[in-house]
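Taken in sequence, the protein lines are chains V and X.
Quick note on full-length UniProt numbering: the first sequence kicks off at 1 and runs consecutively.
Quick note on full-length UniProt numbering: the second sequence kicks off at 1 and runs consecutively.
Hints are computed from structural coordinates only; laboratory data are not their basis.
Idealized CB from N, CA, C, for every residue including glycine.
There's no promise every hint is true.
Said to hold, decoys possible - According to the in silico footprint, chain X covers these stretches of chain V (three or more CB under 8 Å from chain X): (1) 59–65; (2) 128–139; (3) 170–180; (4) 200–206; (5) 223–232; (6) 290–299.
As the list claims (entries may be wrong) - Not the full set, but computed from the structure, chain V residues with beta-carbon under 7 Å of chain X: (7) Ala76; (8) Leu88; (9) Glu89; (10) Ser94; (11) Ala97; (12) Ala98; (13) Glu101; (14) Gly152; (15) Val269.
What the hints assert, rightly or not - Here are the simulated EDC-like cross-link-like pairs (lysine to aspartate or glutamate), alpha carbons at most 20 Å apart as the crow flies: (16) Lys34/V to Glu132/X; (17) Lys34/X to Glu71/X; (18) Lys34/X to Glu132/V; (19) Lys34/V to Asp24/V; (20) Lys34/V to Glu71/V; (21) Lys34/X to Glu52/X.
There are 2 protein chains.
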Amino acid sequence: MEGPHPGPAPPSPPAPAVAATLQDVARLAGVSAKTVARALNGEPNVRDATRERVARAAAALRFRPNRLARELRQGARTGAVGLVIGGLENPFYSHLAAGVERALRAEDLELVIASTDDDPERERAVVQTMLERRVRALLVVPVAEDHRYLEGERSAGTPLVFVDRPPTGLAADVVLWDNRTGVRQAVDALVAAGHRRIAVIADRIANFTARERLAAFREAARAHGLGLEPRLLVVDVHDVPAARATALRLLAAPEPPTAFFGLNNRITVGVVAALLTTGGAQAVVGFDDFDLAEALGTTVVANDPAAMGGRAGRLALARLAAGPGLPEQVLLPATLVRRGSGERGPAAAAPSRAAAALA
Amino acid sequence: MEGPHPGPAPPSPPAPAVAATLQDVARLAGVSAKTVARALNGEPNVRDATRERVARAAAALRFRPNRLARELRQGARTGAVGLVIGGLENPFYSHLAAGVERALRAEDLELVIASTDDDPERERAVVQTMLERRVRALLVVPVAEDHRYLEGERSAGTPLVFVDRPPTGLAADVVLWDNRTGVRQAVDALVAAGHRRIAVIADRIANFTARERLAAFREAARAHGLGLEPRLLVVDVHDVPAARATALRLLAAPEPPTAFFGLNNRITVGVVAALLTTGGAQAVVGFDDFDLAEALGTTVVANDPAAMGGRAGRLALARLAAGPGLPEQVLLPATLVRRGSGERGPAAAAPSRAAAALA
DNA sequence: CTGAAAGCGCTTACAG
DNA sequence: CTGAAAGCGCTTACAG
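Whole structure, please, built from the sequences with the hints as guidance.
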């Protein structure tokens, strides 16, 4: 923008072996440290000439302020927010993280991410490390079964937001899906389309999400007078290959299901993969959206992980700005959406287009 | 593990309004700060009785050491590594980040992530912030067109690793795909299957990756004596909907392509979506793997972003341990893989199974 | 085995 | 408009 575009690389000033400090700049500019701080931080009460001299000295030394030092002085809190998730391989979590990151940009806060791999021990370890780093706020998709270990932190005022699943034994902010409504709509649609033998596949049942969605399914099924065949309820299915294998097994058994309900995106993708392979004409409904849902005509409960992350991030920022208050529970919509061109009947009933074609 | 499992929540000790410091612990334990540090950090030369007294005092005060202070004293560098990527919504980047995170665990380093949205200005801004935070090492998927702004940092010894694309105007470590081999294999397979009218869709052409892959395609096409129809080479296609729209447009034109080559995962998914919608029988080959590639029988150049992230992370750790050396260029394999059951002929030639069925 | 003093690189709270 | 002193919460480098 300013200055001529450099032709051949200008002879770079001899790089200091070690980073220059504000004191170095002060010495070179012939002023005090305080004046350097004023000049560089855009504070008032600096003569233009002084300001310029400082700027030149800083540039010559390639001065880069040390945020650790600044933040230590300003209250021993870092300018980063911590996010603890299951793992970035799962698009649910990565989209969630993307939403959080975007929310933090508004306040120029950084994002520290750690994965738990759904291991409660790791959750405690990474949370501990983040708290030692004094993150400004902490967002957690919890896996531990007891969060009383965070009570001290909560009462100390660190904004603590739980995401996707509530904490146990701790009153804190939490952002959740309206799982019950999503599940009920899915079951309603399947039943309306005539399905009675619905296979339900869930993730690790130790987690709140799987339990709540499964409970909601049981309730909805009961309401519709469906018998619950235990063999059609499979839990602890955590990744795409496992879900695919589960679906294949169910399809190969006598009296296979006429429909599948995948309780998260990894599971639904696995089920779809199985149906594409076998050419089965079973209906599929999935919780969470996924890449090819629309093209494959798969009906999904279309929650939006990025929106959830954004909501959680903004909640943390609000706490930061306004101080703690009564813990809040935010319920985000998760409603059934028919993906695809819509030229066919009720999605839940219609076999996915590709699967039908393959039959 | 130790102590009885708590029944009703034990009366929690009155939480301190503000975090306890090491000095507070020292006062309560009746020892000096140095002794507290020794006891809590597991250093030798502390009597067992003292160690225990300190531990009790720390527990009573819920003492949590402040890493900012520790790290400031220990050289003003944080225990985190910075990762700058395009955006977490893209599975390529999120898998890359997952690989980096896993590599860092070995050294108990944390991970700070920032997205550029492929904006050079943002790259500079987030890199600047990370350097001010004094990250131990910096991993960057670059978008800027000039990286001389990092020369000072490089010569100061901060491990700097570029990922997926090389830096410009700066000698630094870089981890890349063997794009040429991957592209050549893809074109070879398509030509061997009889394709002459191959549509190629690329991401933002300002980026190295798109340029290199497109150049490799041109070269391979020339080697096979294929004419290059400009209308079949589409660039600056950045997301799934755009890729889908592009494919639909090409299919609707006179003399549509008989095959598509998607130069990254977002594009390939969009092309597959288009073919699933239209029922087209065109062949598809994609750069980068994607979720349903196997089930859909799509042939892909199967690179592994998590492996790339892991390699880049380990390279940074090695620099950290051994100090700088000559910049290294790591070329990771990216080779054609036939996804799917393999019961059909050369993948590249065969229309994807679902697409065929839909025809 | 233990402690007093100094310092990491900034900002705060004053004083002029 | 400018600066000297103290301090954030730890660890380093000594001394005993």
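Status of each hint after checking the structure:
1. Figure legend: the stretch 59–65 of chain V, annotated as covered by chain X; annotation consistent (3 residues with Cβ-Cβ distances under 8 Å, at least 3 required).
2. For the stretch 128–139 of chain V, the stated coverage by chain X holds: 7 residues have a C-beta nearer than 8 Å to a C-beta of that chain, and at least 3 were required.
3. For the stretch 170–180 of chain V, the stated coverage by chain X is not satisfied: 0 residues place a CB nearer than 8 Å to a CB of that chain, which falls below the threshold of 3.
4. Counting residues of the stretch 200–206 of chain V whose beta carbon lies closer than 8 Å to any beta carbon of chain X gives 0, which falls below the threshold of three, so the coverage claim is violated.
5. Check result for the stretch 223–232 of chain V against chain X: violated, 0 residues qualifying (beta carbon to beta carbon below 8 Å, three or more required).
6. Only when three residues or more bring their CB closer than 8 Å to a CB of chain X does the claim for the stretch 290–299 of chain V stand; here the count is 6, and the claim holds.
7. Evaluation of the Ala76/V hint against chain X yields a held restraint, the C-beta minimum of about 5 Å falling below 7 Å.
8. Taken as an interface hint, Leu88/V checks out: its beta carbon lies about 4 Å from the nearest beta carbon of chain X, inside 7 Å.
9. The interface hint given for Glu89/V holds, since its Cβ lies 5 Å from the closest Cβ of chain X, which is under the 7 Å cut-off.
10. Below 7 Å, beta-carbon pairs count as interface contacts, and Ser94/V has one with chain X at about 3 Å; its hint therefore holds.
11. With its C-beta approaching chain X no nearer than about 5 Å, Ala97/V sits inside the 7 Å limit, and its interface hint holds.
12. Taking 7 Å as the C-beta contact cut-off toward chain X, the hint placing Ala98/V at the interface holds, the least distance being around 4 Å.
13. Because the beta carbon of Glu101/V sits about 6 Å from the nearest beta carbon in chain X, less than 7 Å, this interface hint is met.
14. The interface hint given for Gly152/V holds, since its Cβ lies 4 Å from the closest Cβ of chain X, which is under the 7 Å cut-off.
15. A least Cβ separation of about 5 Å between Val269/V and chain X falls short of the 7 Å threshold, and the interface hint therefore holds.
16. Pair hint Lys34/V plus Glu132/X holds up; C-alpha atoms about 19 Å apart against a cutoff of 20 Å.
17. For the hint linking Lys34/X to Glu71/X, the alpha-carbon distance of about 16 Å falls within 20 Å, and the restraint holds.
18. Our distance criterion of 20 Å between C-alpha atoms is met by Lys34/X and Glu132/V, whose separation comes to about 19 Å.
19. Of the supplied pair hints, the one linking Lys34/V and Asp24/V holds, its CA atoms being roughly 12 Å apart against a limit of 20 Å.
20. Note on Lys34/V and Glu71/V: the hinted pairing holds, with a Cα-Cα distance of about 16 Å set against a maximum of 20 Å.
21. Taking the CA atoms of Lys34/X and Glu52/X, the gap is about 15 Å. The hint holds against a cut of 20 Å.
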